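Chains as they are written, first to last, in my numbering: chain A, 1 to 404; chain B, 1 to 404.
If you are wondering where the hints come from, they were derived from the structure by calculation, not from laboratory data.
A portion of the hints provided could be inaccurate.
[Unchecked claim] Below, in silico cross-link-like pairs of lysine-lysine (DSS-like), each with a Cα-Cα straight-line distance of 30 Å or less:
| no. | chain 1 | residue 1 | chain 2 | residue 2 |
| --- | --- | --- | --- | --- |
| 1 | A | 295 | B | 66 |
| 2 | B | 200 | A | 4 |
| 3 | A | 4 | B | 199 |
| 4 | A | 326 | A | 388 |
| 5 | A | 267 | A | 232 |
| 6 | A | 351 | B | 66 |
| 7 | B | 4 | A | 7 |
| 8 | A | 199 | B | 60 |
| 9 | B | 4 | A | 267 |
| 10 | B | 7 | A | 199 |
| 11 | B | 66 | A | 350 |
| 12 | B | 267 | A | 29 |
| 13 | B | 4 | A | 200 |
| 14 | A | 201 | B | 7 |
| 15 | B | 60 | A | 291 |
| 16 | B | 60 | A | 4 |
| 17 | B | 326 | B | 380 |
All values derive from a computational prediction rather than experimental measurement.
The lines below spell out each chain.
Number of protein chains: 2
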Amino acid sequence: MISKLTKEAIAGNSAVRAMFMEATELAAKVGAENVYDFSLGNPATPAPQVLTDALIDIVKDEDPLKLHSYMPNAGHEDVRAAIAANLNKRFDTDFGAGNIIMTVGAAGALNVVLKTIIDPGDEVCAFSPFFTEYRNYVRNWQGELVCIEPDYETFMPDFADMEKKLTANTKAIIINNPVNPSGVIYSEDTIKKIVDVLKKKQEEYGHEIYIISDEPYRELVYGDEKVPFLTKYYENTFVGYSFSKSLSLPGERIGYIAVPSEMADFKDVMDGLTISNRVIGFVNAPSIIQKAIVKCLDTPTDLEFYDTNRKLLYNGLMSLGFDCVKPTGAFYLFLKSPEADEKHFVEVAKKYHIMMVNGSTFNCPGYVRLAYCLSTESLKNSMPAFEKLAAEYGLKKREDFKGI
Amino acid sequence: MISKLTKEAIAGNSAVRAMFMEATELAAKVGAENVYDFSLGNPATPAPQVLTDALIDIVKDEDPLKLHSYMPNAGHEDVRAAIAANLNKRFDTDFGAGNIIMTVGAAGALNVVLKTIIDPGDEVCAFSPFFTEYRNYVRNWQGELVCIEPDYETFMPDFADMEKKLTANTKAIIINNPVNPSGVIYSEDTIKKIVDVLKKKQEEYGHEIYIISDEPYRELVYGDEKVPFLTKYYENTFVGYSFSKSLSLPGERIGYIAVPSEMADFKDVMDGLTISNRVIGFVNAPSIIQKAIVKCLDTPTDLEFYDTNRKLLYNGLMSLGFDCVKPTGAFYLFLKSPEADEKHFVEVAKKYHIMMVNGSTFNCPGYVRLAYCLSTESLKNSMPAFEKLAAEYGLKKREDFKGI
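Excised from the complex, chain A in its bound form (with noise of 0.2 Å):
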């Protein structure tokens, strides 16, 4: 007697959810040294010193009452005013406390927005690959995903399928930079280029296409690369941001909405966003973690271990003949599948003790993700056993690879 939409969602269930407790079990039997755990994105760094001493000064100090009561469902005031106020000294924006609203994680936050937008059958587009959960949040509040394809060569978006697939049914776009599962980063240029047929296609179809920024992986990004700040580029921007990967925090569930006061009908959109954030069930966002990130927002995330695992592994991925997409935001790799069937590779090196998650469920079939965010250890460990599957699928060694 559970819904059908349970009923599909318990068949279909989050592989990498599935992988994740598989992994569990498989280091219940065989030694957690023994398996080498690519599947889930959760961070391998712990939270900084700063926001430990944070969360014990504010339990000691603050009363009691005040700190732990409701406050407005959009979080509390100074929160949002201070991470306004370090949005602006970043990146240039105009925000004061009435562009934020605090939610419970990104998970939380494009819920909110959805729910917000989303009448019955609006679509709303997403770039392959993506994050598997946002086919559940569209449906949630009835949308349909539309998904737009990637160019294969460099995991871009294909220009000419966005065009074709933006339709005067489409609400929303969501983009994720850095891209979960890709680990490339968009560039101000693709930006640009996706901005422009978002304005295009604004003005055909005469109503709001806004973009849905889904932000937890902004921190990560290595080398030189760059990660444009939305708002600046397209005023009807949602900005969905989580502390969970920049400070270690996934299981407190805390981040925020920022949306600029640009963007069409404002208030009514703050007002909705922020009742959409009660009613979905969130009520607010979890209060001691809100005044705990405060006190981090300067607090840089810790990108030499995630940066140490991303060149191991790729580097020595490419070494032994697999064919990866070079990885240079989050803490995701993509591998190419040396056979067609990806989940059955997936199970060929479940054999070695490596756990990844398939690529369809990325909408990505061919490809299989590494989560890097293990210990160093464990993944150094985990050479041999990828040398031994590289071997049974007969790649040749790149012996010259120089690697980054």
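Please build the complex by placing chain B on the supplied structure of chain A, with the hints as guidance.
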């Protein structure tokens, strides 16, 4: 370009929240000590010291990487086991960790349950008067809320109306005990009568009709009253609990769903709830506060504070000539408006800086709700204002009212 539902939601936004915002604005103008704010159910006693200590210990002692990481979507296994054991001890139930899902408060719990069981067009019943958000929660998942009338003498359910309102489309019934906004408690006798009707209707229609038991006020019970634990009476029961009121933590968003193993399709239901928890965007209940509430499961709620307010308010208003439903649970008093249009009565009361919420919001026109979770001093100070209000309506004092 926001959605139609969101437009409607803005137009009919929560009278509770609107009154709370108005009270806050009035307080800024005339001084907080001159505003008698009975609008919002924001606990007025601080969280217990044991919770503050637990939070500090957890943040100090636990490995931040483990503490703040993703966990299973249902929540920390040890937390769920502890809650199950505590329920077993108190209510002679037979729960284990597998029967509990940690949620973002009771609002989160209700949405997770509703998403899991509702197909478009399914009906969900609620007993009037009810918490106004039920309508939004049911609508989130395309269900229809059906209202069952109360017996206006006792504010117990009208069973004849209940029989009429349960149809072949009824998927669930929400029971909120103690009741917000009426402040009454459904006794074991009342619960048994409700359950009898449900069992008969389940048989008649040949499918499950679930109870969704919304229990944020479970611990707020005065005198000798008892609140029956519903899984003991009816196996197709979801219990949705929140620590918001019992531990004065509404801003932290922590609660749970408890499901008895005897429920039909138990495994599918639990899988469905777990996935819904993730897919709606909660992902999991916030981690630190999950760990902290476990240390407070045996900590008694500060009832004395609310009981003092309850007696002062009920006795005071009855003596002034108002008619009130006798409050026995939660922290609400339901007052019969001295004029038919209770919205006008609410406006008149504002002249005296008394902020109440109209009963229409709770599907019960002709009444108003007073949340007596304000300071006892403020409550005492409000009495001369109520006296003026009574005089304006020409109410006759009950000089000999004995009180509770």
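Consistency of the hints with the structure:
Under the criterion of a C-alpha separation no larger than 30 Å, the hint pairing residue 295 of chain A with residue 66 of chain B is consistent with the structure, at around 21 Å. Of the supplied pair hints, the one linking residue 200 of chain B and residue 4 of chain A holds, its CA atoms being roughly 25 Å apart against a limit of 30 Å. Only pairs whose Cα atoms come within 30 Å are accepted, and residue 4 of chain A paired with residue 199 of chain B is accepted, the gap being roughly 24 Å. Distance check on the hinted pair: residue 326 of chain A and residue 388 of chain A sit about 22 Å apart at the alpha-carbon level, within 30 Å; holds.
Restraint check: the Cα-Cα separation between residue 267 of chain A and residue 232 of chain A comes to about 19 Å, which is no more than 30 Å; the hinted pair holds. Distance restraint check for residue 351 of chain A and residue 66 of chain B: the Cα-Cα separation of roughly 28 Å lies within the 30 Å cut-off, and the hinted pair is therefore satisfied. Of the pairs offered as hints, the one joining residue 4 of chain B and residue 7 of chain A holds, with about 28 Å between alpha carbons and a cut-off of 30 Å not exceeded. Between the alpha carbons of residue 199 of chain A and residue 60 of chain B the distance comes to roughly 51 Å, so the proposed pair goes past 30 Å and is violated.
Between residue 4 of chain B and residue 267 of chain A the CA atoms are separated by roughly 16 Å; this keeps the pair inside 30 Å, and the hint holds. Restraint check for residue 7 of chain B and residue 199 of chain A: the C-alpha separation of about 25 Å stays at or below 30 Å, so the hint holds. Taking the CA atoms of residue 66 of chain B and residue 350 of chain A, the gap is about 25 Å. The hint holds against a cut of 30 Å. Between residue 267 of chain B and residue 29 of chain A the CA atoms are separated by roughly 24 Å; this keeps the pair inside 30 Å, and the hint holds.
Straight-line distance between C-alpha atoms of residue 4 of chain B and residue 200 of chain A comes to about 25 Å, which keeps the hinted pair within the 30 Å bound. Taking the CA atoms of residue 201 of chain A and residue 7 of chain B, the gap is near 25 Å; set against the 30 Å cutoff, the hint holds. Restraint check for residue 60 of chain B and residue 291 of chain A: satisfied, since their Cα atoms lie roughly 17 Å apart, inside the 30 Å limit. The straight-line distance between the Cα atoms of residue 60 of chain B and residue 4 of chain A is roughly 45 Å, outside the 30 Å bound, and the hint therefore fails.
Straight-line distance between C-alpha atoms of residue 326 of chain B and residue 380 of chain B comes to about 19 Å, which keeps the hinted pair within the 30 Å bound.
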